[in-house]
Amino acid sequence: MSKPILSLENIYVDFERDGVISQVLDNVSLTINKGEFLSIIGHSGCGKSTLLNVVAGLVPVTLGAAILENKEITGPGPERAVVFQNHSLLPWMTVYENVRLAVAKLYGAKENLSQLHDRTMRNLELVKMTHAKDKRPGEISGGMKQRVGIARALSMEPKVLLLDEPFGALDALTRGHLQDTVMELHDRIKATVLMITHDVDEAVLLADRVVMMTNGPKARIGDIVEVRSPRPRDRKELLKDAHFQDCRRRIVQFLEQHDHAVAVKEPA
Amino acid sequence: MPFEVQKMTAAPISEPATDPVATQAEKLLAAAQAKQIAASKRRKIADKAGNILMPLLTIGVLLAVWEGLGQAFPGGLPSPSMVLLEAQELIFNPFYDRGGVDKGLFWHVLTSLSRVGIGFGLAAVCGVLLGSFLGTVEWARKGTDPIIQVLRTVPPLAWLPISLAALREAQPSALFVIFITSIWPIVINTMVGVRNIPQDYVNVAKVLRLTPAEYFFKIMLPAATPHIFTGLRIGVGMSWLAIVASEMLLGGVGIGFFIWDQYNSSRMSDIIVALLWVGMVGFVLDRLVALLGQYVSRGTAAD
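Protein chains in written order, with our numbering: chain A, 7 to 274; chain B, 6 to 308.
It is possible that part of the hints are untrue.
As the list claims (entries may be wrong) - Taking lysine to aspartate or glutamate pairs in the EDC-like style, the calculated list, with each CA pair at most 16 Å apart, reads:
(1) A:Lys-111 to A:Asp-124
(2) A:Lys-9 to A:Glu-75
(3) A:Lys-111 to B:Glu-91
(4) A:Lys-196 to A:Glu-85
(5) B:Lys-211 to A:Glu-75
(6) A:Lys-40 to A:Asp-229
What the hints contain is simulated information worked out from the structure, not anything from laboratory work.
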């Protein structure tokens with residue numbers, strides 16, 4: 007079996023506001039193996055984004071540690087590249103320049119200009135965005151922006167790729183296309199991926215394991231479902247796959263149990 | 006009722022063109038569309054004509070009223086025809102130079118503009134740097150905020166005696182007045198722009214581990230560009246205000262001095278011509294900075 011690359015050990019995250027402590031994460035421990043695709047699912051406000059930000063180094067832990075390849079994570083860095091929910095491309099730069107910024111920062115000292123150019127184009131190629139390389143983010147669709155966001159993150163050749171609800175703001179059709187793209191990329195470059203989502207189908211389709219979080223405050227890992235459906239996966243084929251359907255059902259069941267709204271509706 | 010609507014959409018959409026009813030409908034539709042296009046064209050032409058004609062009309066009416074008043078009260082403000090007559094050379098030959106201060110308006114304006122160029126240029130560089138610093142470092146902003154709020158309300162001419170006493174000469178004093186007048190809106194707007202940089206961009210910079218210098222040039226300056234140009238636009242307007250006023254007091258060459266000089270020789274017509282120059286140059290300066298801002302920040306506002 008593959009080796010663990012990232013481990014979260016007894017992580018607690020508390021936020022303080024006006025002297026009041028709100029506990030967001032409560033003793034979360036998790037190990038991610040090299041090349042694994044891990045989805046984290048939970049209701050909104052359960053702290054799943056906080057968990058991703060801990061790995062990204064953007065949110066400090068109150069207690070516990072996040073360890074990447076035997077080194078504790080103390081701040082953000084390119085080896086844990088993030089694809090943000092709202093793409094976060096710099097609007098004054100073209101698609102090419104947005105990726106080039108990352109490439110130049112990481113490889114500028116080691117490579118010459120033509121190598122940097124090739125590297126930039128190669129990453130745009132991966133997400134099929136070379137045709138729009140001279141457009142600005144304002145001139146392309148939401149799905150295309152997110153593709154560029156993925157290209158920028160991949161160009162950093164991260165040890166772990168972090169996806170923070172990357173397709174949340176997209177329409178269903180674009181979403182499907184991008185899920186296929188991410189699956190294909192994952193198969194091709196064997197990246198280790200940590201993805202936050204609130205979409206059950208997306209979680210199961212993409213992941214090797216789906217981590218389900220209980221509702222906040224004091225969110226914990228409720229359960230983990232292992233998706234053993236073979237890759238490459240095809241969404242239509244999977245509809246007939248009993249194991250896939252079983253995973254899906256288990257997650258839906260978990261989410262329903264933890265849904266405040268449903269709990270209120272049903273008389274106790 | 007809703008079922009009937011469904012039935013209509015479910016009916017076959019395209020019939021063969023030979024159907025007389027369908028051809029008739031197509032003709033009617035084509036006619037209606039042609040009418041629509043013609044109406045929109047007419048609206049556009051009327052709109053454009055209005056943009057040119059209305060200002061011309063307004064100017065014409067104002068000139069006529071002014072002319073009438075001038076005729077009715079001779080010896081007062083010269084009427085437009087009087088100005089045309091008396092200031093002929095000034096209007097039609099702005100480039101003459103007979104040595105000393107006896108020069109065409111172009112040279113006076115050029116002198117004033119070069120002063121504005123230096124003073125405002127310095128203010129722009131210092132203002133953006135200071136604004137970026139104050140926008141980034143919270144305690145520095147807190148410390149300087151009350152001082153800036155007070156100093157920015159000081160009228161340009163109030164600075165003149167101090168700067169004359171300190172610098173002793175007319176030219177640097179004029180530059181200082183322009184500098185100190187136009188720097189505040191630049192500092193304040195840059196500061197607001199820097200403070201409003203979206204957290205997303207900051208996160209991108211953090212993940213990439215940009216150095217402070219890289220962050221300043223790649224993220225901070227471009228992100229704050231629209232705000233910076235708002236400040237520059239206000240600043241350039243204020244420096245044009247300041248230069249005309251300070252030149253009146255300092256003497257020498259310059260459009261402000263020219264106006265004061267003509268007042269001393271009671272040449273009202275010349276003053277009116279000079280006023281028009283001042284107004285138009287100010288307008289052009291404002292537009293130039295605005296256009297430059299639009300060009301530099303293209304795409305920045307789009308998301």
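Now the hints, each set against the structure:
no., hint, in the structure
1, A:Lys-111 to A:Asp-124, "15 Å, holds"
2, A:Lys-9 to A:Glu-75, "10 Å, holds"
3, A:Lys-111 to B:Glu-91, "67 Å, violated"
4, A:Lys-196 to A:Glu-85, "15 Å, holds"
5, B:Lys-211 to A:Glu-75, "20 Å, violated"
6, A:Lys-40 to A:Asp-229, "21 Å, violated"
Comparing the model with each earlier hint shows violations of hints 3, 5 and 6; every other hint is respected.
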